[in-house]
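Got chain B sorted already, so can you dock chains S, Y and D onto it with the hints?
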Amino acid sequence: MGLDKIGIAKRIAQELQDGWYVNLGIGIPTLVANYVPAGMSVEFQSENGVLGMGPFPFEGEEDADLINAGKQTITAKAGASFFDSATSFAMIRGQHVQLTVLGAMEVSQNGDIANWKIPGRMVKGMGGAMDLVASAENIIVAMMHSNKIGESKLLKTCTLPLTGVGCVKKIVTELAVLEIKNGAFHLVERAPGVSVEEIIQKTEGTLIVPDIVPEMVLA
Amino acid sequence: MGLDKIGIAKRIAQELQDGWYVNLGIGIPTLVANYVPAGMSVEFQSENGVLGMGPFPFEGEEDADLINAGKQTITAKAGASFFDSATSFAMIRGQHVQLTVLGAMEVSQNGDIANWKIPGRMVKGMGGAMDLVASAENIIVAMMHSNKIGESKLLKTCTLPLTGVGCVKKIVTELAVLEIKNGAFHLVERAPGVSVEEIIQKTEGTLIVPDIVPEMVLA
Amino acid sequence: MNKTVKNVAQALEGIESGMTIMLGGFGLCGIPENAIKQLVKMGVNNLTCISNNAGVDDYGLGLLLQGRQIKKMISSYVGENDTFERQMLSGELEVDLIPQGSLAERCRAAGAGIPAFFTPAGYGTEVAEGKEIRVFNGKPHLLETALYADFAIVKAWKGDAAGNLVFKGTAMNFNPMMAMAGKITIAEVEEIVPLGTLDPNHIHTPGIFVQRIFQGEVFEKRIEQRTVRKRN
Amino acid sequence: MNKTVKNVAQALEGIESGMTIMLGGFGLCGIPENAIKQLVKMGVNNLTCISNNAGVDDYGLGLLLQGRQIKKMISSYVGENDTFERQMLSGELEVDLIPQGSLAERCRAAGAGIPAFFTPAGYGTEVAEGKEIRVFNGKPHLLETALYADFAIVKAWKGDAAGNLVFKGTAMNFNPMMAMAGKITIAEVEEIVPLGTLDPNHIHTPGIFVQRIFQGEVFEKRIEQRTVRKRN
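Residue numbers (this note's numbering), protein chains in the order written: chain B, 1 to 219; chain S, 220 to 438; chain Y, 439 to 670; chain D, 671 to 902.
To be clear, the hints were calculated from the coordinates, so they are not data collected in a lab.
Any given hint could be a false lead.
Footprint (simulated), chain Y over chain B, 3 or more residues, beta carbon under 8 Å [to be verified]:
#	segment
1	35-49
2	82-89
3	164-170
Please read all numbers here as calculations on a predicted model, not as lab measurements.
Yeah, the Cβ is synthetic: ideal placement off N, Cα and C, and Gly gets one too.
Bound-form chain B, shown alone (with noise of 0.2 Å):
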């Protein structure tokens, strides 16, 4: 039940607004760029070195010196530009990136986010994710709501080494919508077919739901 990681894309490509300059993180944050609603300008920054990311090349047309975070090959619209990883940063830390959508494995009620890191079992390295999001004025979470074991991943508190703190504003599953303010989640809309009891149980943290919760309204 709940959307599947399409849904969650095209639930947050509605978060975007024209003329915002977007870093989309590795996984569901990628897709968000297939769902850019119409008549809407957006561009994308890959925190490897570029600005204006187009789509993915015609096969033959790879380039290995064009890449985006995620390692993929892509391509550069017109208007695009390439630079250092220190410019990159500037950009992203200096806030002239708007909105920074990422995966992540646990969000805690303050806004917490751990996403780099579990310890004994697997370390990937934080990325760039920790300048992301000790920057961002905007941050999306995209992410499943309960782990591969059932767990939830909205907590009271994250238990896995922390990325970045207080900084998550928004989280979108496959389940809701949800704000985080005032150190609980607040239920926004529940994706179409689930029930709010559903988001309730499978919400560890604090959540405060109103009393109508809209159904999300996906293109």
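Okay, now just chains S, Y and D, sitting in the frame of chain B:
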């Protein structure tokens, strides 16, 4: 008596080493570029954003977009590069420039230099001089031994606001070449026809004079 | 994203008296001359201007000094301008003189989200007064802070509707860092070229740093020191 | 100034076991692959490598990990490499993980003579442990220090005898900052072009930052994630 400006520049040019990047200040230092020893490869950096400065342009070929730090129209040699001011001072602060030659109003026997301000009378600003003197490993001051009213510019202590402390290693004036070490000026060479006595008389700071003071040899 | 505005008047909308404005250029090279003339026309005053130099008496920022539109200058070098020196020595103009490398880096820092950094420049001088000193690698350094501006006005050679800029020669100088530092950055360019014309490998200032771009009407590009050599 | 050396062996002369080496690249994009193979051949070990990633098991820095030539990695992201994760979890490899933006800026800082700067990245995380915290503009920041290296090895598209470098696409990434930070910087390029061929307006890394340059023999330029779309 003593050297003219060109003589000072020629003597300083003898300090150049093959492969060095050199920043030349306004005035006499600029002239040093004309006397690079034959067969030696030296590149000139100008802090307004050019490496590989060439000679002045031919008449009619001046380009308002191509100047040196003295605001003079210049040319760029093959292998030149243009860059922004932050990168330019990264070169300077990061000690990628091997030699800085600049003018001074006063130098003290411990290597302090003053060259940017006369309180209440003249304030042109320090420009890049403070970055240069705080960063360079090798600093040569090119100046007249005395000021316009005949006072020594080689002092026990600078009287004017400082540009940098303890940074000057060598001075070339119209009368002499001097090194600064252990809190004193050390006479190294005298200009052709200039007596040691004259140098002693015109140097207010402590001057160490060796038994033999060779005369400069200028090509 | 089309950031092109039709003229200098539209480009400078929103600039008000009392604001802090960064202006690119080194000497008279790479200054936004059309925008400066417009500031004269607008008559805004009480400005704090951050610019490496202050122009000459009758050109560049000198025009704003003549009209007493500037309250405070933040610069590294202000020779070559008698109006400036007179106003400064008489006390009618506040001046904050900053080592040139620190000025460039402080602009970059603002644009890069770095609130402060250590530099050796100015240690032991009056520039260090009131600043934190710390020794790194055996050498004393000052803590310098980022310099922000309400508006940054930069001058480029070519630009496109996405705000991408390309500079020419030493007219680049402070322009790229100031473009990064402005809350709103206005680019004055000699030519706006169609999107896709500029090679993405050769863009000096990516469009993300620029909010408005316009093509200047007249570029005098005055030369301060015309030095030439004779042909043989 | 001719900085050209005739081959990779000559370029890497002087690199010894125990040294700290920076290597450009993001993932497998823009890595100095010829130089890495030469490091394998030289058999130097106990290296501290500063590189955003650690290659994959059988390519890039993964080759040095396989041969246990690396004592310590300083990186931001090391996924995509099983050898790496195994050596790290078993404790035989020291690892210092750094936020990517801090890594880039710390390299630049070293090259720019800035010993330390404040950044918000990592506040409240284990990255902040032991670091000075200071609030600027109401926001806590960490003091991060410059990262130096005995040798920096970078990969560019084109270069000339003066050491000027031009990068292509996103193969630029960390290369320019690392070029600034090395005590000795070695540039591996796909093509050395005659002096004067590169437009001085389009040079990404001015030659002053490069001590040696060589043309690589073979460029595999492996693609990590080949993503394509079908033609209609």
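*Hints broken by the structure, by number, lowest first?*
3
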